[in-house]
Amino acid sequence: MFRLSDILAPKTIVRAHCDLPCGVYDPEQARIEAESCYKIIEKMGQNSDPTFTARAIDIKEQRAELAKHHLDVLWHDYFKPEHLEKVPNLHELFWNATKQVSKVKASTDLADARKLLDLIDEVDAAWKATGGQEKTRVARQTA
Amino acid sequence: MSPTIEPGDWLLIDPTIRRWPRRGTIVVIREPDSDVLAIKRVAAGPGDRVNLDAGHLVLGPDEAWLLSDATDAELLAAGLGQPIDSRRYGPVPVDLLVGRAWFRYAPIRRIGPIRPGR
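Just so you know, the sequences run in chain order X and D. Residue numbers for the first sequence follow the numbering used here, so the first one is 1 and each next one is one higher. Residue numbers for the second sequence follow the numbering used here, so the first one is 1001 and each next one is one higher.
Hints in this document: simulated from the structure, not taken from any laboratory. These numbers were taken from a predicted model, which means no experiment stands behind them. Note that beta-carbon positions come from the ideal geometry of N, C-alpha and C, so glycine has one too. Be aware that a few hints might be false.
[Stated by the list, open to error] Between beta-carbon pairs, the in silico distance windows are:
#: 1; chain 1: D; residue 1: R1110; chain 2: X; residue 2: E28; range: 28 to 36 Å
#: 2; chain 1: D; residue 1: D1095; chain 2: X; residue 2: I13; range: 20 to 28 Å
#: 3; chain 1: D; residue 1: P1046; chain 2: X; residue 2: D58; range: 29 to 37 Å
#: 4; chain 1: D; residue 1: P1093; chain 2: X; residue 2: Q62; range: 31 to 39 Å
#: 5; chain 1: X; residue 1: T142; chain 2: D; residue 2: V1036; range: 36 to 44 Å
#: 6; chain 1: D; residue 1: P1046; chain 2: X; residue 2: I7; range: 32 to 40 Å
#: 7; chain 1: X; residue 1: E82; chain 2: D; residue 2: D1095; range: 17 to 25 Å
#: 8; chain 1: X; residue 1: T142; chain 2: D; residue 2: P1116; range: 51 to 59 Å
#: 9; chain 1: X; residue 1: D118; chain 2: D; residue 2: V1036; range: 28 to 36 Å
#: 10; chain 1: D; residue 1: P1116; chain 2: X; residue 2: I13; range: 17 to 25 Å
#: 11; chain 1: D; residue 1: V1036; chain 2: X; residue 2: D109; range: 45 to 53 Å
[What the hints assert, rightly or not] Computed far set for chain D versus chain X, every beta-carbon distance over 10 Å:
#: 12; residue: G1024
#: 13; residue: G1045
#: 14; residue: D1053
#: 15; residue: G1117
Go ahead and model the full structure; you've got the sequences and the hints to work with.
Spelled out as structure tokens, the structure:
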């Protein structure tokens, strides 16, 4: 049996969408994954064993995907419109960095991995220029 | 969006609008990047100037600045972080406008038109 409320109930849910982000951001996360890609490519050049190569390709793709994720989180969640004043090329920088991750995912050229590291270092400079280090990290215990 | 919109409210949405309604109106949008359906208030419309911590920006002819109603104190009390609104994703183009919330038909004690405010 149908109830009136079943007929009238909305079929679509909209959200006010507040969240509880941890608020911790650091390009170092992306850099460590990109360093993994660099080192894996380096080791692939020194080992022609097909099983090793298959494993290396698989792990490199996983690490590249993680690097892309960390860059996306920085781009979408940390950086705000007002940061464009200090980093006018912010969107172009992230566009280039995330495109470069995709390139590294499919590449076995060490130069591609090196270029990705350099782009992440530029992201790091943008993060520091906008106060990211002071605003988003928890200070270490001093000795 | 409390107290204007409470969780569980049943709303009628006007999907025919093609331009940003006036400041203070409650709208449903598709959030940039996530495509989530979200409800926000129009804080500034096309051509308006929005003041930011470090300067200002002027909205384009099809852009609006959308905000949540909750204040920092209310968010803190509710245990929530910063709301996801134009402070997170910037100006919203009119292409992402889904409709204008204009009437609440449930719960019964809160039935009535949703008027622009704030």
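Item to complete: Find the nearest Cβ of chain X to the Cβ of D1053(D) and say whether that gap is larger than 10 Å.
Response: Contrary to the label, D1053(D) does not stay out of reach of chain X, its closest Cβ about 6 Å off (not over 10 Å).
Fill in: Claimed clearance of chain X by G1045(D), with the beta carbon kept past 10 Å
17 Å, holds
Worksheet item: Okay, V1036(D) versus D109(X) on CB: inside 45 to 53 Å?
Response: 38 Å, violated
Practice prompt. For the range 28 to 36 Å, tell me whether the beta carbons of D118(X) and V1036(D) fit it or not.
Written response: 34 Å, holds
Discussion item. Is 31 to 39 Å respected by the C-beta to C-beta distance linking P1093(D) and Q62(X)?
Written reply: 35 Å, holds
Fill in: Closest CB of chain X to the CB of G1117(D) still more than 10 Å away
Nearest chain X Cβ is 15 Å from G1117(D), so the label holds.
Practice prompt. Determine whether the Cβ-Cβ distance between D1095(D) and I13(X) falls within the hinted range of 20 to 28 Å.
Written response: 22 Å, holds
Worksheet item: Does the hinted range 36 to 44 Å hold for T142(X) and V1036(D) at CB?
Response: At 42 Å between Cβs, range holds.
Worksheet item: Minimum Cβ separation between G1024(D) and chain X greater than 10 Å?
Response: 16 Å, holds
Item to complete: Return holds or violated for the Cβ distance of E82(X) and D1095(D) against the range 17 to 25 Å.
Response: 24 Å, holds
Worksheet item: Falls inside 51 to 59 Å, the C-beta gap from T142(X) to P1116(D)?
Response: 52 Å, holds
Practice prompt. Given the hint of 17 to 25 Å, check if P1116(D) and I13(X) actually sit that far apart at their C-beta atoms.
Written response: 23 Å, holds
Checked against the numbered hints above, the structure violates hints 1, 3, 11, 14; every other hint is satisfied.
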